[in-house]
Every structure is written in structure tokens, then in C-alpha cells.
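A.B. asks: Residue strings, one per chain:
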Amino acid sequence: MSTLLGQEPTGVPDGHEAYGDEQQPRVGFFTDTSVCIGCKACEVACKEWNLIPQDGQAWTGHSYDNTGELSANTWRHVAFIEQEKPLRTNDDGTTALRWLMESDVCKHCTHAACLDVCPTGALFRTEFGTVVVQEDICNGCGYCVPACPFGVLDKRDIPSTANVGHQPDLLPIFGKKEDGRVWKCTLCYDRLKGGHEPACAQACPTKSIQFGPLDELHARADERLAKLEAEGWNGAQLYLRDPEDGIGGAGAFFLLLDEPEVYGLPPDPVVTTKHLGSMWRNMARAAAVLTVAIVGACARD
Amino acid sequence: MTDVQSYYGRPVLKEPTWMWEIPTYLFTGGVAGASSVVSLSAKLFGNEELSRRTLYIGAAADVVNPMLLISDLGRPERFHHMLRVFKVTSPMNIGAWVLFVNGGASTTAAALELLGILKPVKLLAELVSFLFGPPLATYTGVLVADTAIPVWHEARQELPWLFGASATASAGAAACIFCPPASAGPARRLAVGGVVAEGLLMHAMHLRLGETGEVYRRGAAGAFSTAAKVMASSGALMLARRGRRSRGAAVLGGALVCAGELCLRFAVHHAGKQSARDPKYVVKPQRERATRDGTRATTRPHESAASASPGT
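Read top to bottom, the protein sequences are chains A and B. All residue numbers for the first sequence refer to this note's numbering, where the first residue is 1 and numbers rise by one. All residue numbers for the second sequence refer to this note's numbering, where the first residue is 1 and numbers rise by one.
It should be emphasised that the hints constitute simulated quantities derived from the structure, not laboratory data. Computed from a prediction, not measured in an experiment: that's the story for all the values here. Treat the hints with caution; some may be incorrect.
Among the chain A residues that face chain B by a calculated CB cut under 10 Å, a handful are [to be verified]:
hint, residue
1, Val12
2, His16
3, Cys118
4, Gly180
5, Leu225
6, Leu228
7, Ala230
8, Gly249
9, Pro260
Computed far set for chain B versus chain A, every beta-carbon distance over 10 Å [what the hints assert, rightly or not]:
hint, residue
10, Val101
11, Thr108
12, Arg156
13, Leu200
14, Arg218
15, Lys229
16, Ala240
17, Arg244
18, Gly248
Just so it is clear, CB atoms sit at the ideal spot from N, CA and C, and this is done for glycine as well.
Bound conformation, chain B alone:
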């Protein structure tokens, strides 16, 4: 980019410090959130087998979730500071509360199911988990979008939907792995439908992002993005065509979709890092906006000149 000025090509923004735990959590949090919804819905329509297995899947993910998040903290022993305030301006704070409630409810329900006791309490826990599942599956889109990272912030319309679709696909796919094909019908539909919806949303996101979105074709983000597409679509195809008859195909297809969804979260994660690293992604859109609409960020002598800011 020669038409963008910078300070020795140095980044304007700081790269997110998040490590592998965060994209992994984006995946497992999605599995937990969507599984809670699948579990109670399946029970509602009489599919006890699917309901019980997705309850366990969701609870297992909810056990892993806090471990991943705490591990990523610079001061893990202070993880509980997240819950000393309730702050709607902080998606991470809201997310911590949502995870706290959903995780508590889903693990309680799973434990009671395993022990076969306290049915009414279990049902209440399942209901709470059902209600907090969808926010858990989608808030992470707001979490990453509410930053200054161009490739995340400019995709704020699509990210909660993209993450929601990905969560649905991965919860469905996980259920296909652990549930006999006979009772996994809804899970197959969710896995395939989620992958299709995710593909469309990804396309919409790229259309909106334009040049900012080119990081998804480069470096680590590009590699994860391609891997996500290949694995999720081939897994979905396998589930759609053979998932009903063959348990082996259901397991393999489900595993491929899950791996693809995990790669998608890593693609988004790395896209954010790459977007922060190159100053042009910050400077170019802002400079264009300033030239087009004028900016109040700079005040020139005799304000009249303010709207016509020379680019060089």
C-alpha cells in the first residue's frame, strides 16, 4: 500500500494478546450454548436419547469453558474479579455472567441426570440452560466486534450470526458423533443447516469488509479459513448423504464439521491479529472517511480548511 502514510510501517493498534485458549473457547462455548437448546427441544418433542446425549455434551463443554478462559488470564488466580461488577458496556463481563449461569445450570442438570435424582430441579436447570444457551452461543460475536480491530469491528453486523451458525453446526455435529443415527435426525439437520448458513454469512461478511477482509486470505487466517471451508463442507456432505444409515459416516462427518468449526474460530482469531499488525487497515478507511465526510479529530487553522484534508 503506497498511498497510505504510516510511522515506519509500525502498527497503530496493539495486537490482541489472546492465545489459543480464546478461539478454542469460542468453539466450546458455542457447543455448550447450542447443545443446551438442542437438549431441551429434543426432550420437548419426545427424543429422549438425543436430549440426554446433548445434555452431557453441553455440560462437558461447560466444564472446559471456564478452564480455557481462566488459563488465558494474565492473573488466573484473579478470575473471580470478572464477577465483582455487572457491566453492560463490557461484552466480556456479560459473557462471564452468561457462562456462569449457563455452565452452572447445564452441569447441575447433567449431574442430576446421571444420578437420576431431583427431577423437578433438573428440569428447572435445563430450562435455565436453554434460556442462556443462545446468548452464550452468540455473544462472542459482540465480544470480538467491540474492539478497534478493523476486520472484527467492521463485521459487527455479521459476527454474532456467523458465530451462532457455527455454534449450531458444531452442536449438531457433536451430537451426530455421540448419538445413534436413528435418533440423531435433528442433529444432522442442524449440522448441515449450520454449515450452509455459515457459508452464506461468511460470504456476506466478505462483501461488507472489502479490502479489510483480505486478511482472511493471507497467512494463518487464510490457512485456517480454507481448512474450515474444506472440512466443514465435506463433513456436512457426508452427514447429509450417509449419516442416516452409517454410524461410521456419522462419526466421521460429525468430527469433520467440528474440526472445521474449530478452524473457523481460529481463522477469525488470526484475522484479528493480522488486521492489527498492518497500519493500512486502520489508516486507509479512516483517512478515506475523513476526506469524504470531514473529521473533527484534527483542527486546522481557520476551521474552514478542515473538511479538505490533503492526504499527503
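Pulled out of the complex, with its shape left as it was, chain A reads as follows:
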């Protein structure tokens, strides 16, 4: 079953239970930003394992972040924030400077808007409860791109120089396109199938990225949050850990040290399809009125 039509979030990923005997425990990431050192090993490991094309090199001037954002060619992105804020609430304020780092990734939402709106069924829920694009099905309609409340998905547009010798098999009506499909984190679906952890989690030297069954990760995160509170860390909070939030909780959730928007994350995301039921009913009313208006206009002739 898909999320449907105004249904309240329950924390159970749509479609996960349809696997029956083949269903695996739901897995995910717990990204603990309090121990991230900004080494970007996750970005590199992800690119290497998933054979993601390069997407140029540019200096952004935004601290050590020269990646910028998650995109079709970046499935792990390390954000860097320089702040004049004390790291701990009990500091006297004389060292009010801190450097936040956070490795962002697809959230693998419990109620995933991208999956709901995909018109081809290319986006699907795996037996691990994750959300993956089937690249042999995606036809590049781009609907999932504005549907994602986190701006994760994007269309891949390989520079044509990187495509030398390759003739894309397409029907050029008004011009030629390159790859043209959408790409995002698969939570290393291929590695999961083989019993391995995702490349980013394996490469992370500080265990800032932790992989495992979601229940275990929740317990670990709650413990960690309590510890940080006891130590007086400033602004510590879990993000997308609660199955009652607007997306039904995420498969990839975070421990942040400031408000989500500081990291470029939406502070209160809601699955786009939450109101779809009422939207269809509203459209049906509009269509009915349109019919009556047109028939009426013709009747007066």
C-alpha cells in the first residue's frame, strides 16, 4: 500500500510489508554530527563505490565545503558551518567559536514523496525499507525533483565532453539530452544485498555515520543525546528520528548541534502527498463546475 491520501504517519514504510517472507529488517543511517571531523571520506567512498561521475571543481568560499549540495552526482555531502557560539552551554563565553560539520544524505523517508509521485514506478521501496531509483525504468520526467522536501533528487546532466564515443539512444524531438535520469543515494542497495554496510558508513573514521537496523540506531541515538545533554552540549537535537513527524520519521536521521535550517535542512518537513486526497476531491469539484459552466454557456445559444 502506498501512503495514501491524507493518512496519518505511522512510522511503517509504505510498501515494506509487501515483501512477505523476503522482507528484511528496516535499516538506515544514524549520522552523529557531534563526532564528524569533516574529512569527506564518505563523499569519496560513495563516489568510488557507486561510480558517480565527477561534477566539476569550484571554490565556493563557504568554509571547507566545495561540494555545495546533494545532487544527482553527490549522494553524501559534508556541510561546514563556522559559528560564534560556545560549544557547551556552561562555557563562560570566552571561547565562543565552533565549527559544525554534518554529512548529509537522502533521508529514505517512511512516507517518501518521491516514491509516491513517480509516474513510472522507477522509484521503489526495497526489502530493507529503503528508497531506490531503478535506472532502467526512470524516464527522466523530473517529478520527484520538486516533490522531495529535502531537495535530494536531481536530474543528471553529464557534460557532453564526458560522453565522447557514447551515442545516447534517444529520440531527439527538440534536441539532444545527456543522461537525463534522476539519481540519488541507494543506501548501497547492492552492498546490502551482499551483506555489507554502505560504503560511506564503512569509510567513516569516527563512526559519525552509523549503519544498522533502525530500531538499534534509535536506541543508540537516544543514549547519545542524553550523554551530550549531560555534558552540556549547546543545541544538541535529533532530527527526523520521531516516527510521528511530517514524513513518518526517516531511515537516515541525524544528531545536530543547531537548528536544521542552519545545515540547509527544512525545520518541519511534511510529505508532499499528505493532502493529495483532498486535492483530488477539490479537482473533481473544479472539473464538475467547469463542465456545468461550459454546457450552460452553450445552452444559452
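Assemble chain B onto chain A, guided by the hints.
C.D. replies: Just chain B now, with coordinates in the frame of chain A:
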């Protein structure tokens, strides 16, 4: 916006990747959908001339529609993947089916009309096209509203109505261009009525959107929005005052309304892009909601503090 925090001012959302084909389709799809309804209604009340011309207009639009949509795909050769599933959670999938049925029916009916054969089949095709026309003219409002783009999603109550009014106006206006004034009475009424309804709906949408709607006054969206208003209203005025007597005025007025409606679709299209580009449109309403109602998106130590989230 100084009271909103962001990550170096970067967008939270991704801009829609849709190009000019999509807003153009929003227009031609509206013409096709509303024309199907006009055609059979006119026939029902004995206006054969108007019925035949709107049948051709609708069919012509329905020939263009799939070309526009396929052209916008990243992998056009895979367009048929749209029809490998039937999925009510995807307005685009439902739209593809609606267009498939409406387009098939209206082009069949037009071809049979042209050849003058198989009258019963033609009538059946016209009936199918009549039934699928209204959804075709309005589903696009759900299509754009069912996204995370604030200026689209927050206008979900108005968009199907706005697009329906715009479709009615453009189908009426197109008929005014191609139909002699004597038999274009209903078309003139639809064009003028559609433009008036659209103006009211646009106003209602702005009232609801508040600050989120300010993108309609800026950049490309602002320019298209102004052009839409000027052209649609002057075209409607021309149709209302002189459309009955002068064929020239009917053609010019009809063309102005059509151009205005096309601009309206481009205004909505660009408003969506602009809305995605500035993080404040995403962060500010969400932060205000979280502060007002509390949020479960973040979990703080000792949940009691959760509802009072400091904004800075």
C-alpha cells in the same frame, strides 16, 4: 530576510527541472480538455458549426500535447514507461492516462469527422472525450500543487480552479479565432467568463499565499504575470464589445486571450522555480509553524523543551 537562518543562503529544495515544454503543455492541455466539452455541448444544443471547429481545435491540441511532454523527458524514448503502472498517488501518472484517453478519443473523432464515416463510433469518441476533458483541464493544478514547492503547494486549493478557468478562457478564445462570429456566441461567453473567473481566483490565491506569493511580482514570474493580466483582460474586453460584429476583433481578441493564458501558465511555472530558489520561502513558514504548534521533526533532550524551539 534577516530573521531566517540558512546554509549560506543556498536553496533547501531543488528547482523543478521542467523546461518551456511543460508550461506550454499546461496551456495546450487546457485547450484540448475544455474544447472537448465545448464541442459536444455545442452539438447538443444544435450549434454544429461551433461543435465541428472546436472538435478540430481540441484534436490539434491533443496532437501537440504528447509531443511536448515527451520532449521534456530526460529519456524521451522511454515515454511509454508512464503507462506501465496505474498509480493514484502520482498526478503525473493519472494525467498521462487521462491524456492518453482524451487524446485518443478526440483525434479519432476529428479524423472520422473529416472522413465523414462511422458516425456512431465518432459520437462515442466524442462522448469519451467530453468525459475526460474536464479532468484534463484541471488535473494539472494537482500536478504542480503536489510538490514541496511552497508557492505551488500552498495554493493547492486554488490551482485546479485557476487552471480550469484558464482552460475555459483559452478554449473559448481559440474558438473565437476559428469560428465565424455568428455561431461563436458560447465561445465568447466562455472566453470572457473564464478571464473574469481567473482574475478572481488569482486574487484569492494571492490572499492565501501572503508573503509566499510575492514571487509572482518578481523576476520572470512577475513579467509573465503582468503580461497575462494585460493581454487576457484586453482580449476579453475586445471580444465582449466587438466580437459579435467584427471577425477581425474576434480574431485579435481571441489571440490576445490565448496569449494571456499561455503567459499565465509560464508565470506559474517560473513562480515555482523562484520559490524553490530562495530558502526563506521554505524555512520561514516551517519555522513559524514549528514555533507555533511545536514540531516532531526535531527531538530535544527531555522532550518538554520541544515545543519551545528558539529561532536563533
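A.B. asks: Could you run down the list of hints and mark each one as holding or not?
C.D. replies: We went through each hint and held it up to the structure:
1. Val12: Nearest chain B Cβ about 16 Å off; hint violated.
2. His16: Status violated, d = 16 Å.
3. Cys118: holds (6 Å)
4. Gly180: holds (3 Å)
5. Leu225: Leu225 of chain A check passes; min Cβ-Cβ to chain B is 6 Å, inside 10 Å.
6. Leu228: Constraint on Leu228 of chain A satisfied, holds at 7 Å.
7. Ala230: Holds. Min distance 9 Å.
8. Gly249: holds (9 Å)
9. Pro260: With Cβ-Cβ at 7 Å, under 10 Å, it holds.
10. Val101: holds (14 Å)
11. Thr108: Holds: least Cβ distance 21 Å, greater than 10 Å.
12. Arg156: It is violated; Arg156 of chain B is separated from chain A by about 5 Å at its closest Cβ, not greater than 10 Å.
13. Leu200: holds (13 Å)
14. Arg218: holds (19 Å)
15. Lys229: It holds; Lys229 of chain B is separated from chain A by about 21 Å at its closest Cβ, greater than 10 Å.
16. Ala240: holds (14 Å)
17. Arg244: holds (13 Å)
18. Gly248: At roughly 23 Å from the nearest Cβ of chain A, Gly248 of chain B sits farther out than 10 Å, so the non-interface label holds.
When the structure is compared with the earlier hints, violations turn up for hints 1, 2, 12 and for no others.
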